[in-house]
Amino acid sequence: MSPPKNPEVTEKNPDDQVTRMIILGPSADISQTELVRILHMMEIPLTIKSTCYGAVIGGDKDVVEQAVQKIREVDEYNIFTKDRGFPPGDPRRCRAKRGGAREGFHQLEKEFELLEDVSKALKNPQKVKVKECKKISPEEFRKIAEECK
Amino acid sequence: MKIAIFPPNSLILADLVERRGHEPLVLQSEIRKKVTSSEIDSPPLNITEEDPIKGLKYAAIEVPSGVRGRMAIFGPLIDEADAAMIMEDAPFGFGCIGCARTNELCMFNIRKRNIPVLELKYPTSKEETIELVNKINEFLDSLEEKNG
Chain A
1 MSPPKNPEVT EKNPDDQVTR MIILGPSADI SQTELVRILH MMEIPLTIKS
51 TCYGAVIGGD KDVVEQAVQK IREVDEYNIF TKDRGFPPGD PRRCRAKRGG
101 AREGFHQLEK EFELLEDVSK ALKNPQKVKV KECKKISPEE FRKIAEECK
Chain B
150 MKIAIFPPNS LILADLVERR GHEPLVLQSE IRKKVTSSEI DSPPLNITEE
200 DPIKGLKYAA IEVPSGVRGR MAIFGPLIDE ADAAMIMEDA PFGFGCIGCA
250 RTNELCMFNI RKRNIPVLEL KYPTSKEETI ELVNKINEFL DSLEEKNG
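From first to last, the protein sequence lines are chains A and B. Just so we're aligned, residue 1 is where the first sequence starts under this note's numbering, counting upward by one. Just so we're aligned, residue 150 is where the second sequence starts under this note's numbering, counting upward by one.
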């Protein structure tokens with residue numbers, strides 16, 4: 001006889017499980033340790049992993065979104081977040097198992113260099129004109145091609 | 150609004166889109182389906198039967214299989230978008246965006262869709278970064294105005 005099902009335990013849909021990377025900008029007011037402590041203090045069912053750039057959190061979609069919203073409030077202009085495909089600590093990506101940085105790290109490293117200026121721009125927004133791209137006429141294109149000869 | 154971003158795994162673009170209350174169509178959400186699905190034997194090395202069929206919608210049979218495989222993931226994201234942002238000349242190590250032909254095909258598909266598109270260059274200095282952020286915010290705000 002199979003054991004009776006607990007009505008409180010419902011099966012989770014894997015599509016509803018999401019992972020988020022929380023990245024601290026270079027001028028962030030908090031450290032990685034503080035970030036993880038704040039996440040723990042939220043007392044919501046999350047998987048939290050401390051990383052060199054901040055933290056990785058995983059869990060139900062609505063819970064993760066709630067955590068992201070709350071953590072952004074801590075330091076709005078210096079906390080950045082990004083979706084992640086693999087769950088936190090996944091052995092296929094975790095550097096502890098693979099040896100060497102995971103694939104996405106190099107990209108993150110490159111974008112991290114810009115985060116300080118991004119947060120400055122977010123703090124002091126300025127009006128700029130966005131030029132709409134338009135197609136050029138064949139004559140104009142011919143002229144450009146001839147100039148490049 | 151759903152905004153397609155290119156490179157589709159960019160932290161800066163995805164974060165800025167979310168800050169303005171839009172939904173970024175990112176690559177990671179598609180990859181998640183591949184690596185957490187129990188139907189795939191050893192993710193992410195295997196693909197399903199459906200993937201090459203999906204890729205054929207965007208790239209012909211004689212196109213290298215890598216392009217078709219990538220387009221099976223990027224293509225549906227582009228189709229779903231209400232607007233798009235392209236950041237050209239991103240550094241080479243930009244994640245799995247190492248295929249120049251797929252990048253060209255993606256940008257072509259985005260431009261072909263006749264949706265509002267913001268085209269930018271990957272910034273290399275402080276001034277360029279600040280201008281990039283302001284342009285993105287301006288573009289996202291203008292989308293809100295157009296849609297009420």
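Some clues are possibly wrong.
Claimed, not checked - For lysine to any residue, the following SDA-like pairs were computed, each having C-alpha atoms within a straight-line distance of at most 25 Å:
1. A:Lys70 - A:Gly58
2. A:Lys123 - B:Glu172
3. A:Lys110 - B:Glu280
Bear in mind the hints are in silico, worked out from the structure with no lab data behind them.
Inset, instruction - Go through the numbered hints given earlier and state which of them the structure violates, listing their numbers in rising order. - result: Hint check: nothing fails, all pass.
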